[in-house]
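*Asks:* Chains as they are written, first to last, in our numbering: chain A, 15 to 298; chain B, 15 to 298.
Everything labelled a hint here was simulated from the structure, so no lab data went into it. All C-beta atoms in this analysis are idealised placements derived from N, C-alpha and C, irrespective of residue type, glycine included. Treat the hints with caution; some may be incorrect.
[Claimed, not checked] Straight-line alpha carbon distances no greater than 25 Å define the calculated PhoX-like cross-link-like pairs of lysine-lysine that follow:
no., chain 1, residue 1, chain 2, residue 2
1, A, Lys45, B, Lys45
2, B, Lys16, A, Lys44
3, B, Lys55, A, Lys44
4, A, Lys41, B, Lys16
5, B, Lys55, A, Lys41
6, B, Lys55, A, Lys73
7, B, Lys162, B, Lys232
8, B, Lys42, A, Lys55
9, B, Lys44, A, Lys16
[Said to hold, decoys possible] Which chain B residues stay away from chain A? Per the calculated CB distances, all over 12 Å, these:
no., residue
10, Arg34
11, Asn111
12, Gly149
[To be verified] Taking CB as the label site, the calculated pair distances span:
no., chain 1, residue 1, chain 2, residue 2, range
13, B, Gly282, A, Met52, 26 to 36 Å
14, A, Met52, B, Glu40, 19 to 29 Å
15, A, Asp82, B, Arg72, 38 to 48 Å
16, B, Asp294, A, Arg275, 31 to 41 Å
17, B, Glu40, A, Asp294, 16 to 26 Å
Number of protein chains: 2
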Amino acid sequence: MKTYFDCLPCFLSQALRAARIATDDEKKIKKVLDEVGMMLKDIPLENTPPETGRLVYRKISEITGNLDPYKKLKKESTKTALSLYPTLKDRVEKSDNRLLAAIKIAIAGNIIDFGANWNFDLKNDLVEILGKSFGICDYNRFKDRLDKADKILYLGDNAGECVFDRILIEEMKKPVIYVVRDKPVINDATYEDAVQAGIDKLANIISSGTDAPGTILKTCSSDFKNIYKESKFIISKGQGNYEALSNENHPIFFLLKAKCRVVADDLGVNEGDIILKEIDSYNI
Amino acid sequence: MKTYFDCLPCFLSQALRAARIATDDEKKIKKVLDEVGMMLKDIPLENTPPETGRLVYRKISEITGNLDPYKKLKKESTKTALSLYPTLKDRVEKSDNRLLAAIKIAIAGNIIDFGANWNFDLKNDLVEILGKSFGICDYNRFKDRLDKADKILYLGDNAGECVFDRILIEEMKKPVIYVVRDKPVINDATYEDAVQAGIDKLANIISSGTDAPGTILKTCSSDFKNIYKESKFIISKGQGNYEALSNENHPIFFLLKAKCRVVADDLGVNEGDIILKEIDSYNI
Chain A
15 MKTYFDCLPC
25 FLSQALRAAR
35 IATDDEKKIK
45 KVLDEVGMML
55 KDIPLENTPP
65 ETGRLVYRKI
75 SEITGNLDPY
85 KKLKKESTKT
95 ALSLYPTLKD
105 RVEKSDNRLL
115 AAIKIAIAGN
125 IIDFGANWNF
135 DLKNDLVEIL
145 GKSFGICDYN
155 RFKDRLDKAD
165 KILYLGDNAG
175 ECVFDRILIE
185 EMKKPVIYVV
195 RDKPVINDAT
205 YEDAVQAGID
215 KLANIISSGT
225 DAPGTILKTC
235 SSDFKNIYKE
245 SKFIISKGQG
255 NYEALSNENH
265 PIFFLLKAKC
275 RVVADDLGVN
285 EGDIILKEID
295 SYNI
Chain B
15 MKTYFDCLPC
25 FLSQALRAAR
35 IATDDEKKIK
45 KVLDEVGMML
55 KDIPLENTPP
65 ETGRLVYRKI
75 SEITGNLDPY
85 KKLKKESTKT
95 ALSLYPTLKD
105 RVEKSDNRLL
115 AAIKIAIAGN
125 IIDFGANWNF
135 DLKNDLVEIL
145 GKSFGICDYN
155 RFKDRLDKAD
165 KILYLGDNAG
175 ECVFDRILIE
185 EMKKPVIYVV
195 RDKPVINDAT
205 YEDAVQAGID
215 KLANIISSGT
225 DAPGTILKTC
235 SSDFKNIYKE
245 SKFIISKGQG
255 NYEALSNENH
265 PIFFLLKAKC
275 RVVADDLGVN
285 EGDIILKEID
295 SYNI
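Let's have the full structure, built from the sequences with the hints guiding it.
*Replies:* So this is what it looks like as structure tokens:
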């Protein structure tokens with residue numbers, strides 16, 4: 015997905031939020047705003063938003079000296095998500111379609127986000143999302159391809175959300191490679207977060223090699239890119255991964271909540287919709 | 015009110031919205047974003063937000079060549095507001111406290127705003143606001159000072175909103191000087207808008223001399239400043255006028271809806287609250 019004009023004020027809002035989490039020093043916060051404001055004119059609109067996000071969040075770390083401002087929030091998110099795990103498992107148990115229930119739970123986990131849409135209330139939003147219909151639901155194709163797949167490449171998104179991913183992984187009953195970011199960026203899941211969520215007991219966790227808030231292939235490691243190229247069934251979680259990969263020609267299913275108008279418009283859905291979408295290049 | 019950090023991304027969002035209304039030329043819209051992004055670092059935080067708003071909206075006019083992008087929207091707002099006038103008058107007629115009902119209606123008109131909070135639905139929002147309790151309600155002091163006043167200086171805010179102001183002016187039954195902006199800025203009311211709303215039949219309409227989206231005294235005409243200084247009872251409508259005048263030492267009542275978190279925090283109320291507030295310096 016390209017960068018839209020609306021992404022530019024959003025980068026500045028995100029920078030302010032992240033700077034405040036990274037430091038209490040008002041001068042440093044102001045410097046972040048000043049420098050990100052200056053950066054905006056040089057953002058190539060043909061780049062995907064996470065490419066710019068990467069530069070913005072690097073700048074925040076550089077100015078504030080805080081390399082992982084969301085560390086505490088990430089741990090808390092995972093803890094809260096783990097406390098919800100038994101209830102969510104029970105929901106799957108009691109559902110008529112266990113796989114679809116688990117998919118919906120994995121998407122619901124995508125509400126945990128301190129980037130584009132940080133104003134969430136996990137428990138209340140969860141109830142709302144689990145009761146919601148899909149904006150796009152390519153379930154039959156997902157089920158069909160899953161049945162044929164011998165393994166799954168699962169691109170994780172945020173810390174905390176990993177716990178919800180675990181529920182889907184448990185239902186798919188196939189070998190999974192679970193991909194995390196290489197270095198902390200916003201509240202995106204790194205190795206440590208995936209392990210805290212218990213993913214290590216179910217899947218092989220690898221790093222994509224990127225420090226961007228999305229799987230931007232050109233910033234990923236060769237090892238990851240090789241695995242990606244060979245994968246026949248990929249699950250991509252969240253907006254950042256959608257933004258980075260929506261124009262790829264590869265067997266990807268996007269599972270996300272459309273949290274901002276720009277992504278919703280790009281998908282042709284309403285803001286707030288939940289999405290299970292096979293990549294366009296494979297729908298043709 | 016000073017400029018808060020949160021105002022900076024908001025200026026950029028407002029600039030994008032205004033640029034899109036002013037022109038279809040994507041290059042010009044990008045130029046607005048680039049230049050406003052560059053301006054942010056030079057904004058003195060001790061200035062009030064409308065001082066910066068003035069510079070931002072001037073920049074948009076300069077780049078797009080459109081001096082009055084909101085002209086059509088303003089006319090439509092007034093037309094819609096006029097269509098609601100009979101129902102609103104009826105509401106006053108049927109109320110136990112006509113003056114308080116008219117005050118609430120005048121505040122409700124403040125939802126018409128294409129600046130800080132443009133995502134409004136006049137008819138639906140009106141029903142909601144009219145059913146809402148006040149966040150701050152200095153009604154007794156307002157009534158007391160109004161009874162003693164021999165004339166009223168009424169600082170208007172947005173086009174369309176003028177129709178709602180008309181209802182309050184009709185209830186106060188005192189001579190009114192109604193103040194509009196000198197030149198178009200956002201959807202703020204100018205002379206033409208006040209006349210379209212029918213204010214000229216009830217009040218003496220004057221210009222404050224400013225082209226800022228708020229009554230920033232240092233940008234106002236000497237004539238206006240003299241009238242302001244002599245006034246013993248001033249009604250100030252909307253956020254822009256609140257932001258410009260909240261630190262004054264003058265007999266002002268602010269009537270507004272707190273449309274953004276920054277203004278709500280400054281007032282110590284919740285976002286969305288409706289406010290009838292005597293200026294602090296007169297509360298002591």
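*Asks:* Hint by hint, say whether it matches the structure.
*Replies:* Hint-by-hint comparison with the structure:
1. Of the supplied pair hints, the one linking Lys45/A and Lys45/B holds, its CA atoms being roughly 23 Å apart against a limit of 25 Å.
2. Note on Lys16/B and Lys44/A: the hinted pairing holds, with a Cα-Cα distance of about 15 Å set against a maximum of 25 Å.
3. Taken as a hint, the Lys55/B and Lys44/A pair is honoured in the structure, with Cα atoms around 8 Å apart against an allowance of 25 Å.
4. Only pairs whose Cα atoms come within 25 Å are accepted, and Lys41/A paired with Lys16/B is accepted, the gap being roughly 16 Å.
5. For the suggested pair Lys55/B and Lys41/A, the alpha carbons sit about 12 Å apart, so the restraint of at most 25 Å is met.
6. As the CA atoms of Lys55/B and Lys73/A are separated by approximately 16 Å, the hinted pair is consistent with the 25 Å bound.
7. Straight-line distance between C-alpha atoms of Lys162/B and Lys232/B comes to about 29 Å, which puts the hinted pair past the 25 Å bound.
8. Under the criterion of a C-alpha separation no larger than 25 Å, the hint pairing Lys42/B with Lys55/A is consistent with the structure, at around 13 Å.
9. Taking the CA atoms of Lys44/B and Lys16/A, the gap is about 15 Å. The hint holds against a cut of 25 Å.
10. Residue placement check: Arg34/B does not keep its beta carbon more than 12 Å from all beta carbons of chain A (closest about 8 Å).
11. Against the 12 Å criterion, Asn111/B stays outside the reach of chain A, whose nearest CB is about 37 Å from its own CB.
12. The claim that Gly149/B is not at the interface with chain A holds, since no C-beta of that chain comes within 12 Å of its own (minimum 20 Å).
13. Taking the beta carbon of each, Gly282/B and Met52/A are about 34 Å apart, inside 26 to 36 Å as hinted.
14. Between Met52/A and Glu40/B the Cβ separation comes to about 22 Å, which falls inside the hinted range of 19 to 29 Å.
15. Between Asp82/A and Arg72/B the beta carbon distance is about 42 Å. The supplied range of 38 to 48 Å therefore holds.
16. In this structure the hint that Asp294/B and Arg275/A lie 31 to 41 Å apart at CB holds, the actual value being about 38 Å.
17. Between Glu40/B and Asp294/A the beta carbon distance is about 24 Å. The supplied range of 16 to 26 Å therefore holds.
Of the numbered hints listed earlier, those contradicted by the structure are 7 and 10.
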